[in-house]
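Using the sequences and the accompanying hints, generate a full structural model.
There are 2 protein chains.
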Amino acid sequence: MKIAILGYGNLGRGVEAAIKQNSDMELFAVFTRRNPETVKIQTENAKVLHIDDMLNYKDQIDVLVICGGSATDLPVQTPEYVKYFNVIDSFDTHAKIPEHFENVDKNAQNSGKIGIISVGWDPGMFSLARLYGNAILPNGNDYTFWGKGVSQGHSDAIRRIDGVVDARQYTIPVESAVNAVKNGETPEFTTRQKHTRECFVVVEDGADKNYIEKQIVTMPNYFADYDTTVHFITMEEMKRDHQGLPHGGTVIRSGKTGWDNQNNAIIEYNLKLDSNPEFTSSVLIAYARAAYRLNQKGEKGCKTVFDIPPALLSAQTPEELRKQLL
Amino acid sequence: MKIAILGYGNLGRGVEAAIKQNSDMELFAVFTRRNPETVKIQTENAKVLHIDDMLNYKDQIDVLVICGGSATDLPVQTPEYVKYFNVIDSFDTHAKIPEHFENVDKNAQNSGKIGIISVGWDPGMFSLARLYGNAILPNGNDYTFWGKGVSQGHSDAIRRIDGVVDARQYTIPVESAVNAVKNGETPEFTTRQKHTRECFVVVEDGADKNYIEKQIVTMPNYFADYDTTVHFITMEEMKRDHQGLPHGGTVIRSGKTGWDNQNNAIIEYNLKLDSNPEFTSSVLIAYARAAYRLNQKGEKGCKTVFDIPPALLSAQTPEELRKQLL
Numbered sequence: 496m497k498i499a500i501l502g503y504g505n506l507g508r509g510v511e512a513a514i515k516q517n518s519d520m521e522l523f524a525v526f527t528r529r530n531p532e533t534v535k536i537q538t539e540n541a542k543v544l545h546i547d548d549m550l551n552y553k554d555q556i557d558v559l560v561i562c563g564g565s566a567t568d569l570p571v572q573t574p575e576y577v578k579y580f581n582v583i584d585s586f587d588t589h590a591k592i593p594e595h596f597e598n599v600d601k602n603a604q605n606s607g608k609i610g611i612i613s614v615g616w617d618p619g620m621f622s623l624a625r626l627y628g629n630a631i632l633p634n635g636n637d638y639t640f641w642g643k644g645v646s647q648g649h650s651d652a653i654r655r656i657d658g659v660v661d662a663r664q665y666t667i668p669v670e671s672a673v674n675a676v677k678n679g680e681t682p683e684f685t686t687r688q689k690h691t692r693e694c695f696v697v698v699e700d701g702a703d704k705n706y707i708e709k710q711i712v713t714m715p716n717y718f719a720d721y722d723t724t725v726h727f728i729t730m731e732e733m734k735r736d737h738q739g740l741p742h743g744g745t746v747i748r749s750g751k752t753g754w755d756n757q758n759n760a761i762i763e764y765n766l767k768l769d770s771n772p773e774f775t776s777s778v779l780i781a782y783a784r785a786a787y788r789l790n791q792k793g794e795k796g797c798k799t800v801f802d803i804p805p806a807l808l809s810a811q812t813p814e815e816l817r818k819q820l821l
Numbered sequence: 496m497k498i499a500i501l502g503y504g505n506l507g508r509g510v511e512a513a514i515k516q517n518s519d520m521e522l523f524a525v526f527t528r529r530n531p532e533t534v535k536i537q538t539e540n541a542k543v544l545h546i547d548d549m550l551n552y553k554d555q556i557d558v559l560v561i562c563g564g565s566a567t568d569l570p571v572q573t574p575e576y577v578k579y580f581n582v583i584d585s586f587d588t589h590a591k592i593p594e595h596f597e598n599v600d601k602n603a604q605n606s607g608k609i610g611i612i613s614v615g616w617d618p619g620m621f622s623l624a625r626l627y628g629n630a631i632l633p634n635g636n637d638y639t640f641w642g643k644g645v646s647q648g649h650s651d652a653i654r655r656i657d658g659v660v661d662a663r664q665y666t667i668p669v670e671s672a673v674n675a676v677k678n679g680e681t682p683e684f685t686t687r688q689k690h691t692r693e694c695f696v697v698v699e700d701g702a703d704k705n706y707i708e709k710q711i712v713t714m715p716n717y718f719a720d721y722d723t724t725v726h727f728i729t730m731e732e733m734k735r736d737h738q739g740l741p742h743g744g745t746v747i748r749s750g751k752t753g754w755d756n757q758n759n760a761i762i763e764y765n766l767k768l769d770s771n772p773e774f775t776s777s778v779l780i781a782y783a784r785a786a787y788r789l790n791q792k793g794e795k796g797c798k799t800v801f802d803i804p805p806a807l808l809s810a811q812t813p814e815e816l817r818k819q820l821l
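Heads up: the protein sequence lines correspond to chains A and B, in order. Count along the first sequence from 1, add 495, and you get the number used in our numbering. Count along the second sequence from 1, add 495, and you get the number used in our numbering.
It is worth saying that the hints were derived from the structure and are not from the lab. One should not assume that every hint holds.
Since the list gives no way to pick out one identical chain from another, each pair is judged satisfied if it fits inside one copy or across any two copies.
To be verified - Subject to a maximum C-alpha distance of 25 Å in a straight line, what follows is the list of computed DSS-like cross-link-like pairs (lysine-lysine):
(1) LYS591 - LYS818
(2) LYS818 - LYS601
(3) LYS689 - LYS677
(4) LYS553 - LYS542
(5) LYS792 - LYS601
(6) LYS795 - LYS591
(7) LYS643 - LYS677
(8) LYS818 - LYS795
(9) LYS734 - LYS689
(10) LYS497 - LYS795
(11) LYS689 - LYS818
And the structure:
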């Protein structure tokens, strides 16, 4: 299976590493908007090519993994490239998924290709946990907790404040809230009761720290609804202690079983990731295998993780899976 | 969707309760080997009928949920009844799944029906957790811990000892082992290091408790490889404290991501169930919906949880699922 990567940021590098772990795949090329000569990749024998040349290789690529951002890249790129390739993306603007689905589906139906969108962990594996939980326990409540992990959107928001040089924001689930749900309680939480936010901020010399702290903790949508802690640190501390992109979280379905709903059943799906982009990439690559197989079977159109039979993700045969993992 | 239940034990009663929670389904009938007049069910307007009359109703039943045992019932019943019905079973003899699959598939291919086998939580949801974990993190280790919960097979084994009136056996995961895996360690455990077994036993007046205890803790296959604790209790205590059938457990995939496998990624799927049979039944009913839909689409043959697109389990439409759960 020949895979191409479009975009070589954190996610693209993660996809490259994930391909290396899967012996039935190889990296054909990385496509970039930059000058290809300036992009150094890790894989021997794979090309670095300019995005403008991509269509020249359409018959040599089984699946294109699109590693752009959800704000401006993916809404354009995924519908466009599914005209020529089987594609996978990690589109994560939850509210716009239905629209993105329609745009990709229309072009995929015409081209006869497969486009699997919103692949990763949320949306992605967490969505699957919610779906399985809801289907099995229709009488129940959903809880999703994120973290502890770095939120890149919130870190960026802090960096845009005047006087801020660098910032890292950690989202932290409130332990007592998680434990209450795990113990079968079904509280209704406010935003503040579920997560706290912790910020590590490097500022310019002479910057007004009180002003910056106030700008952060009162920022609408991002911080105002949370208990937020701000730590001012040096650039040395930032580089020493905050270079990783860990993340994770927990999806819990807390439901009732029995004729009189007398029994609790609690389903928990939990991720603990040293590298958020590398894990997302690993999920993308498993679904790339499914996209290829579906297309080989003559299927076409836009799909999500909800539509994919789990066996298609695995390099093992159905017989091996039934024998070894069922 | 009209569902029929074959066998009205703990599992059959659980299926009846699960149907009540799903508004797109109704219980058509319970079929039994007993005299139907002696079987009292909870659902108004559903029939209790003898198993010998089942084929007379084959055109009125969308899915038959077979609630027999894996030792002798299911190997016969599932291949037989898939000749006439879409069927679901919870066949859980892991080593014999490939053979059972072949037997069901052959007859389902001929009849044009769907048979989904080995549905429940292990095999079932735990199998799915293993498959998704392996596909996403090919470089990793699998861990499955069971409990705390009642093992009915082990309880039965104790009851067969002379002088024992009743017994309940709890399987308990070793907390330090679970925590080591959750923390990213990848130890190789012996059987003894993963689980302990705790037994509550009621004996006849004058029985030799030392002898019985020794019979239990040295019993090959069941207890000899474990640290086993035996508590002798009264029948009153048994009835007061040990009437439930709780169970659960944890599947962990501990893997590596990154070009140099430098990062840990830990996926955990955890169940905590007040009622093991009711939860199994809830899973069966979600897959009954999938069986019906697959058959409506013209599909046939034997399937497992690995083959079923998750969206087919849910009463919601694909559009609703993408909007609300993705």
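> Can you give the numbers of the hints that this structure goes against, from lowest to highest?
Replying inline: Failing hint: just 9.
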